[in-house]
Each structure stands twice: as C-alpha cells, then as structure tokens.
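Q: From first to last, the protein sequence lines stand for chains R and S.
Residue numbers for the first sequence follow the working numbering, beginning at 1 and rising by one.
Residue numbers for the second sequence follow the working numbering, beginning at 421 and rising by one.
It is possible that part of the hints are untrue.
To be verified - Each computed DSS-like pair below joins lysine-lysine, with the alpha-carbon atoms no more than 30 Å apart:
hint	chain 1	residue 1	chain 2	residue 2
1	S	499	R	353
2	R	415	S	536
3	R	177	R	146
4	R	353	R	413
5	S	505	S	526
6	R	353	S	526
7	S	499	S	536
8	R	146	R	195
9	S	533	R	353
10	S	536	S	434
11	R	413	S	526
12	S	536	S	497
13	S	505	S	434
14	S	434	S	533
15	S	533	S	497
16	S	526	R	33
17	S	505	S	536
18	R	415	R	353
19	S	533	S	505
20	R	33	R	353
21	S	499	S	526
22	R	413	S	434
23	S	497	S	434
24	R	415	S	434
Keep in mind the hints are simulated off the structure, nothing from the lab.
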Amino acid sequence: MAVTALPAETAKALDVARIRGDFPVLAQRAHGKPLVWLDNASTSQKPRAVLEAMRAVYEEHNANIHRGVYEFSERTTALFEEARAKVARFVNAAQPREIVFVRNATEGLNLIVYAWGRDNVRRGDRIVTTVLEHHSSFVPWQQLAKESGAELVVIDVDDEGRLRLDQMRRELERGAKVVALTHASNGLGVVNPVKEIAAWARSAGATVVVDAAQSAPHLAIDVRDLGADFMAFSGHKMLGPTGAGVVWGRAELLERMRPFLYGGDMISRVSIEKSEWNELPWKFEAGTSAYVEAIGLGAAVDYLTGVGLDAIHRHEIALTEHLLPRLLAEDGITLFGPHDTRDRVGVVSFDVKGIHPHDMATLLDAEGIAVRAGHHCNHPLMTRLGVPATTRASMYLYNTAAECDALVAAVRKAKTVFGV
Amino acid sequence: MDDLYRDFILDHYKNPRNYGDLEGATHHYHDTNPLCGDEITMYLLVGEEGRINDVRFAGRGCAISQASASILTEEIKGKALDEVKAIDREHVLQNLGITISPARVKCALLSLKALKGAAWGLTAWPGEESKEAAGT
Chain R
1 MAVTALPAET AKALDVARIR GDFPVLAQRA HGKPLVWLDN ASTSQKPRAV LEAMRAVYEE
61 HNANIHRGVY EFSERTTALF EEARAKVARF VNAAQPREIV FVRNATEGLN LIVYAWGRDN
121 VRRGDRIVTT VLEHHSSFVP WQQLAKESGA ELVVIDVDDE GRLRLDQMRR ELERGAKVVA
181 LTHASNGLGV VNPVKEIAAW ARSAGATVVV DAAQSAPHLA IDVRDLGADF MAFSGHKMLG
241 PTGAGVVWGR AELLERMRPF LYGGDMISRV SIEKSEWNEL PWKFEAGTSA YVEAIGLGAA
301 VDYLTGVGLD AIHRHEIALT EHLLPRLLAE DGITLFGPHD TRDRVGVVSF DVKGIHPHDM
361 ATLLDAEGIA VRAGHHCNHP LMTRLGVPAT TRASMYLYNT AAECDALVAA VRKAKTVFGV
Chain S
421 MDDLYRDFIL DHYKNPRNYG DLEGATHHYH DTNPLCGDEI TMYLLVGEEG RINDVRFAGR
481 GCAISQASAS ILTEEIKGKA LDEVKAIDRE HVLQNLGITI SPARVKCALL SLKALKGAAW
541 GLTAWPGEES KEAAGT
C-alpha cells in the first residue's frame, strides 16, 4: 500500500472544504438556504466513515457481542473491544478496561453518582461543584446531597463567566469528599483548569469527577495528566452516533464499586442465593450494549485523531476570534462568557436587546442557520447571569469563517425585522 | 418564515394592549414556560352578570407569547366568562394568523393557558399542583 504520511500536516490549517465533503448532511439545505450547523454543543454531524462503519456491522456481520461462539459474534465483539481500546488511547487511559460504554455523558455521570457516590458520600461530607454545570453534572450530586445529608458547595464564576478559582481553592482547603466539575462549559465555552483543581482536590483527599461532554470533542484529553478520578462524555457530540457515551474511571476505583445496573453480561455467576460480578469493564455494561454505536464511536475517534485535536481546537479558536469582534460590533449585543479566546472552546453565547433568544433562533433558522436558544440545561448559570435564556452558536471542525459571517448578517437582519 | 414576524405580531409585541396589573381583579393566574422563560399573568375583572368588564396581562418573553397574550386580551374584553372558557387552542392559533412550528406552539398558547387558569379560578393547573408547591 502506498500511503504517504504527512506528519507536518496537523500543524497547518484544516482543509475544511475536504472535511465538509466527508459530512453528507452538510450538503443539505434548510428553508432553501445552505445549512449552517452551529449547534455542535448540542450534537455534532457525522462523517461518512462513522455511518459506513455502522452500516458494515449491520450488513456484513451483525451478531450480539460476548455471547455467540460463531464467527459473526467474534468479529463484532472484536470490533467493539477495539472501539474501547481506541477510546482508551483517545483520552490516554492506562488500560482499556477503564473505559465503560454507556448511552451518553448524562448516563455516565449518573453511573458515577449511583455506583460510587452512594457508597462513599456520607452525612456531613462536602460535595464541591460549580454554577457552570450542565444539569446532568449538577442534579445527580444535588440529589445525592439531599439523600445522604452531605453539603453541596457551589463555586461561583466571575463577571466574565470564569470559575472563581480563589473560591474553589478555599473550599477545597476546607475539605471535600468529591469535586464534580465540567471541563468546558456548554453555556459559556470557558475551559476550567481541571489539572490545577485536581491537584488541590488531591491534597484535600477529594475524588475528582469531570464532565467532559464539551471538551472531549474539541480538546486533546489526557486523563492521567489531568489527575482526574472519573470522567464522562458523549459520543454524539464528537462525530459519533447517539447512544454511545463513555465513562472513564481509575481501575482501582471501578474495581471497588458495586454495579450500577444488574442483568446479563455483567454477571460471572448467579445462584439462587447470590451473584458474582463480571470483571471490568463489563461489570458496568449490563444487557446488550449499543455495540454498533460503540463501533461507530470508534470510527469517530479515528476520524478526530486523523485530523488532530490540536488542529481542530486551533481552527475553532480562529473562528471564535473571527466571530467575536464582528458580533460585538453590532449594537445591542450582550456577550455572555469571556470576550477573549484564552482557555476557551468555540461556544459563543449572546443576547440582542429587544429580541428574545427564541425569536432570534427562529429568525436565524429562516436563514438556514441552526443555533440553540434557551437555558442550555444550565438553570443555575442562567440565574447567575440574570437571563432566562441565551442564543448560543457553537462551532466544530467543519465550520467556516463564511458561516460566522452569515450568522452576523442574519443577526443584523433579525434586528431589522424587530426594528431594534 | 419572515411571515411569523409580520407587522401585526410585532406591533402587539412592542405595543402590548391591556398591559399591566389590574387593581381589584376578581380572577388572576400566572403561568410560565420553563423551557424559554416566558411568563404571563392574566388578570380579569368579572362583573356580577358574569361578563369580563376589564382585562390586563403582565409578562415577559418572546414576541409570539407576548403578542398572543395581547391579541387575546383585546378579544375577550366584554365577553361572558363562559365564552372565554370555551376558547380553544385552534382559535388562538388562528387569531395569530401565522404558521407556528411545533417548537413554538407552547409560546403561542401560554396566554390561553393563563387565561383559562384565571377564568376557571384555578390556583394551579390540574395535574401540576405539586410543581406549583415546589415553587418551580
């Protein structure tokens, strides 16, 4: 095979035109206009390689995993476990058995709270979290605090939406059982210094649980370097299919935990009196896994790795640098979150005076532009910002500066319609 | 799609009719769409003969929700309470005269929900009492 390696390629700008050609849905039109997909923080589009990997399983060797002794099952099982190994490498996990496939980050975070939190967090313990959390990284801990009698400590942000690290450090010095925080905010795009916070947490003896739903698709992640104990993310936000999410946990913690769900595949032996659990990671994968989706996620990881996470991040930051001043040049714009691109992902949350975000999103939709309007499952953050909702544009590797310009033009048009 | 924001709707949004509190209201009901933060309170002053002598609404939110409320208040002033109780969703959507996408129907109908709550003298929408009690 004549394959020419281009090791220097990742340092260059992305070949966005070529990347876009890999995503069939990007050729679609919405309301007769070219589709501008700027709702990537909600879900990403899928490259042909992912769709093809899943199609191949169904059409060529579909069989349930870990069960059949026939060839199809062995082939499918091998691909499923290969996907696990790919995800493990993707986040630099020590070993593939530290990767548990779940449905999405929400299910993953709930797994951690149910299987670790309920056995380890006691009355009087302190759970430290932040006002930036998505409901899926907030509500499970809030409920655990209520059930267990633990104290929930919520770290605030500054006026630019950056986490109050002074507060975080002080609260961790006072002691904590667990710190649950998002790596990148889905509402504001700020990236939290997880490595620094994890070091403080370690000194306090606290377990570190990271919601990486908004970072894993956009930033190179090294779980060992970050010093986290658990992490969860969703495959569908990182070019993979829905139904494939990931929990990573340090093996010694996962080993000690009870299962989250009971059933088939997670069992090694069952008698009338008792049951013994399967080894990691299958102890946490009860029932038939979404194995086709996991294999699809493996293909997504290959795609992202092929393009290069650093190159993707640089591209998104360049787009954010392009968009921010153009948006801020418009009268009546309030930008939520940092006005610079330091420690940030390509999430731009804004409001236009006199136009409710839902009206804005409807008018942008008329121009073929998909953005999210609402509270972004971030009620505590919206309350902190003093708004019911924002309009959020979020970027990915296939977005272009021209699309950012189209967004600004459509915002201007919306202002004309509303006479503001 | 621009039709959604034609002058008629935007005029009601920017210059809402019957806006504000109603001193001495006999009926009132507050409702919200937690999804988008839209809020409407409907105030009715119902006379002894069961007619709506005066109506006001207060609230905040998107153009569709606020314009829908404004249009509704214009329509019901002077009507019998029983007539108001009979207004259905199709009627409200027809009044708006625009095509409302499924995602925005809740915006368009919030005012009707608040009006029904007021007209029936409710303190909480049936089935949502515990939600009201929880203060969400």
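Q: Run every hint past the structure and note whether it holds.
A: So, going through the hints one by one against the coordinates:
With a C-alpha separation of about 36 Å, the suggested pair residue 499 (chain S) and residue 353 (chain R) falls outside the 30 Å cut-off, and the hint is violated. For the suggested pair residue 415 (chain R) and residue 536 (chain S), the alpha carbons sit about 34 Å apart, so the restraint of at most 30 Å is broken. A hinted pair counts as satisfied when its Cα atoms are at most 30 Å apart, and residue 177 (chain R) with residue 146 (chain R) qualifies at roughly 15 Å. For the hint pairing residue 353 (chain R) with residue 413 (chain R), the CA-to-CA distance comes to about 14 Å; that is within 30 Å, so the pair holds.
Restraint check for residue 505 (chain S) and residue 526 (chain S): satisfied, since their Cα atoms lie roughly 19 Å apart, inside the 30 Å limit. At roughly 23 Å between alpha-carbon atoms, residue 353 (chain R) and residue 526 (chain S) fall within 30 Å of each other, so this suggested pair holds. Restraint check for residue 499 (chain S) and residue 536 (chain S): satisfied, since their Cα atoms lie roughly 14 Å apart, inside the 30 Å limit. Restraint check for residue 146 (chain R) and residue 195 (chain R): the C-alpha separation of about 29 Å stays at or below 30 Å, so the hint holds.
Restraint check for residue 533 (chain S) and residue 353 (chain R): the C-alpha separation of about 27 Å stays at or below 30 Å, so the hint holds. For the proposed pair residue 536 (chain S) and residue 434 (chain S), the alpha carbon gap of about 24 Å is at most 30 Å, so the pair holds. At roughly 25 Å between alpha-carbon atoms, residue 413 (chain R) and residue 526 (chain S) fall within 30 Å of each other, so this suggested pair holds. Proximity of residue 536 (chain S) to residue 497 (chain S) is assessed by CA-CA distance (about 14 Å); at most 30 Å being required, the pair is judged to hold.
This hinted pair checks out: residue 505 (chain S) and residue 434 (chain S) have alpha carbons roughly 27 Å apart, not beyond 30 Å. At roughly 22 Å between alpha-carbon atoms, residue 434 (chain S) and residue 533 (chain S) fall within 30 Å of each other, so this suggested pair holds. A threshold of 30 Å between alpha carbons decides the hint, and for residue 533 (chain S) with residue 497 (chain S) the separation of about 17 Å falls inside it, so the pair holds. Using a Cα cut-off of 30 Å, the hinted pair residue 526 (chain S) and residue 33 (chain R) holds, with the two alpha carbons roughly 26 Å apart.
Restraint check: the Cα-Cα separation between residue 505 (chain S) and residue 536 (chain S) comes to about 6 Å, which is no more than 30 Å; the hinted pair holds. Taken as a hint, the residue 415 (chain R) and residue 353 (chain R) pair is honoured in the structure, with Cα atoms around 9 Å apart against an allowance of 30 Å. As the CA atoms of residue 533 (chain S) and residue 505 (chain S) are separated by approximately 11 Å, the hinted pair is consistent with the 30 Å bound. Straight-line distance between C-alpha atoms of residue 33 (chain R) and residue 353 (chain R) comes to about 26 Å, which keeps the hinted pair within the 30 Å bound.
Among the hinted pairs, residue 499 (chain S) with residue 526 (chain S) is consistent with the structure: their alpha-carbon atoms are about 25 Å apart, no more than 30 Å. Using a Cα cut-off of 30 Å, the hinted pair residue 413 (chain R) and residue 434 (chain S) holds, with the two alpha carbons roughly 18 Å apart. Distance hint between residue 497 (chain S) and residue 434 (chain S) is fulfilled; the C-alpha atoms sit about 20 Å from each other, no more than 30 Å. For the hint linking residue 415 (chain R) to residue 434 (chain S), the alpha-carbon distance of about 13 Å falls within 30 Å, and the restraint holds.
Hint check: violations occur at hints 1, 2; the rest are consistent with the structure.
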